[in-house]
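Sequences listed follow chains A and B, in order. Numbers 1 to 165, taken from the numbering used here, label the letters of the first sequence in order. Numbers 1 to 165, taken from the numbering used here, label the letters of the second sequence in order.
Take the hints with a grain of salt, since some may be wrong.
What the hints assert, rightly or not - Derived Cβ-Cβ restraints for the label pairs, each shown as a range: (1) B:Asp49 <-> A:Glu72: 13 to 23 Å; (2) A:Ala50 <-> B:Gly87: 41 to 51 Å; (3) B:Ala17 <-> A:Asp125: 40 to 50 Å; (4) B:Lys130 <-> A:Asp89: 26 to 36 Å; (5) B:Tyr22 <-> A:Ala150: 31 to 41 Å.
Unchecked claim - Mimicking PhoX-like on lysine-lysine, the simulated pairs with C-alpha atoms at most 25 Å apart in a straight line are: (6) A:Lys74 <-> B:Lys130; (7) B:Lys130 <-> B:Lys91; (8) A:Lys130 <-> B:Lys74; (9) A:Lys130 <-> A:Lys91.
These are computed hints drawn from the structure, not numbers from a lab. Backbone N, C-alpha and C define an ideal beta-carbon position, used for all residues, glycine too.
Protein chains: 2
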Amino acid sequence: MASDAFELVLHRDTVRAEWCDYNGHLRDAFYALIFSHATDALMDHIGLDAAGRAQSGHSIYTLECHLNFLREVKAGDEVQVSTLLLGADRKRLHIYHSMSLRGELAETVENGPVAASEQMLLHVDTRGPKSAVFAPEVMARVQAMAAEHAGLAWPAYAGRVIRLP
Amino acid sequence: MASDAFELVLHRDTVRAEWCDYNGHLRDAFYALIFSHATDALMDHIGLDAAGRAQSGHSIYTLECHLNFLREVKAGDEVQVSTLLLGADRKRLHIYHSMSLRGELAETVENGPVAASEQMLLHVDTRGPKSAVFAPEVMARVQAMAAEHAGLAWPAYAGRVIRLP
Numbered sequence: 001m002a003s004d005a006f007e008l009v010l011h012r013d014t015v016r017a018e019w020c021d022y023n024g025h026l027r028d029a030f031y032a033l034i035f036s037h038a039t040d041a042l043m044d045h046i047g048l049d050a051a052g053r054a055q056s057g058h059s060i061y062t063l064e065c066h067l068n069f070l071r072e073v074k075a076g077d078e079v080q081v082s083t084l085l086l087g088a089d090r091k092r093l094h095i096y097h098s099m100s101l102r103g104e105l106a107e108t109v110e111n112g113p114v115a116a117s118e119q120m121l122l123h124v125d126t127r128g129p130k131s132a133v134f135a136p137e138v139m140a141r142v143q144a145m146a147a148e149h150a151g152l153a154w155p156a157y158a159g160r161v162i163r164l165p
Numbered sequence: 001m002a003s004d005a006f007e008l009v010l011h012r013d014t015v016r017a018e019w020c021d022y023n024g025h026l027r028d029a030f031y032a033l034i035f036s037h038a039t040d041a042l043m044d045h046i047g048l049d050a051a052g053r054a055q056s057g058h059s060i061y062t063l064e065c066h067l068n069f070l071r072e073v074k075a076g077d078e079v080q081v082s083t084l085l086l087g088a089d090r091k092r093l094h095i096y097h098s099m100s101l102r103g104e105l106a107e108t109v110e111n112g113p114v115a116a117s118e119q120m121l122l123h124v125d126t127r128g129p130k131s132a133v134f135a136p137e138v139m140a141r142v143q144a145m146a147a148e149h150a151g152l153a154w155p156a157y158a159g160r161v162i163r164l165p
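In isolation and in its complexed conformation, chain A is listed as follows (with noise of 0.2 Å):
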């Protein structure tokens, strides 16, 4: 498989045409929307739904995000977004984000990624703010989620420091 097409694919979209710019094309920080809107779907997926959230007043927040823009995607464009774990310890979540085309687009381009995340997230009880130890069934959904993707390739958009070339 190639390293940026993972099999957990947790949220879908299309681009908006407001969230384009003067040149027709999905802004910046557009494209971390979409994959802002992924976070939220991973959380759901490890039991960190919006009502457990609002019940036991721990959420998840982005400490650090990554992304890296490889094609121009325009309004009506359909996307999806697939999510890898990286990482992760009792507070934190060390992941990665690839956009690709789906629908009719997906199969007229050569269909590697749009679109690249990686980003660290920090469990915490709103109630402080401060960092939380995840809750013991959540635990087990990230440690499962961390099996199954411990055999996937390093993704080739994670782990990047910008410098000029």
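Please arrange chain B on chain A, whose structure you already have, making use of the hints.
Just chain B now, with coordinates in the frame of chain A:
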């Protein structure tokens, strides 16, 4: 001076309610939007304003964007972005934005940054699209900015790799 307090403030904004998540805090992607607008302001500053872009067909694409989220920001908070040129060549700008509070809030908190963003920008002829060298008058402004910023300390959140502690 503090390493994150640069003097070139090109963009000011007020956090909108619709940019905030269920916690009432600015969502990560909308910090990115404020930084994206700051990059637009930088384009104007170096002579790549909207009129010039329409005439020349040249623009700036973001290749890569790193974001660090340092403090929570809420609807109504007034922010400003200061911008530092870390490096440049004939086609690329390596920049650093630092976001801080302004107005009354700036007096009531330790006035450090609330977020930072390091970015690699590429000058593009949108008719390709393909990378393009800066026009001489733009290159002159870039070089003047580089000379002004050459003596400043390397900022705290530039050059980072994401990894678990």
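Evaluation of the provided hints:
The hint said 13 to 23 Å for the Cβ distance between Asp49 of chain B and Glu72 of chain A, and at roughly 22 Å that hint holds. Distance hint check: the CB atoms of Ala50 of chain A and Gly87 of chain B are about 43 Å apart, consistent with the given range 41 to 51 Å. Separation of Ala17 of chain B from Asp125 of chain A is about 25 Å and departs from the stated range, judged on CB atoms against 40 to 50 Å. Between Lys130 of chain B and Asp89 of chain A the beta carbon distance is about 43 Å. The supplied range of 26 to 36 Å is therefore violated.
Our hint of 31 to 41 Å for Tyr22 of chain B and Ala150 of chain A holds, since their Cβ atoms are close to 32 Å apart. Restraint check for Lys74 of chain A and Lys130 of chain B: the C-alpha separation of about 17 Å stays at or below 25 Å, so the hint holds. With a CA separation close to 11 Å, the supplied pair Lys130 of chain B and Lys91 of chain B stays within the 25 Å bound. Restraint check for Lys130 of chain A and Lys74 of chain B: the C-alpha separation of about 17 Å stays at or below 25 Å, so the hint holds.
Among the hinted pairs, Lys130 of chain A with Lys91 of chain A is consistent with the structure: their alpha-carbon atoms are about 11 Å apart, no more than 25 Å.
Checked against the numbered hints given earlier, this structure breaks hints 3 and 4; the rest are met.
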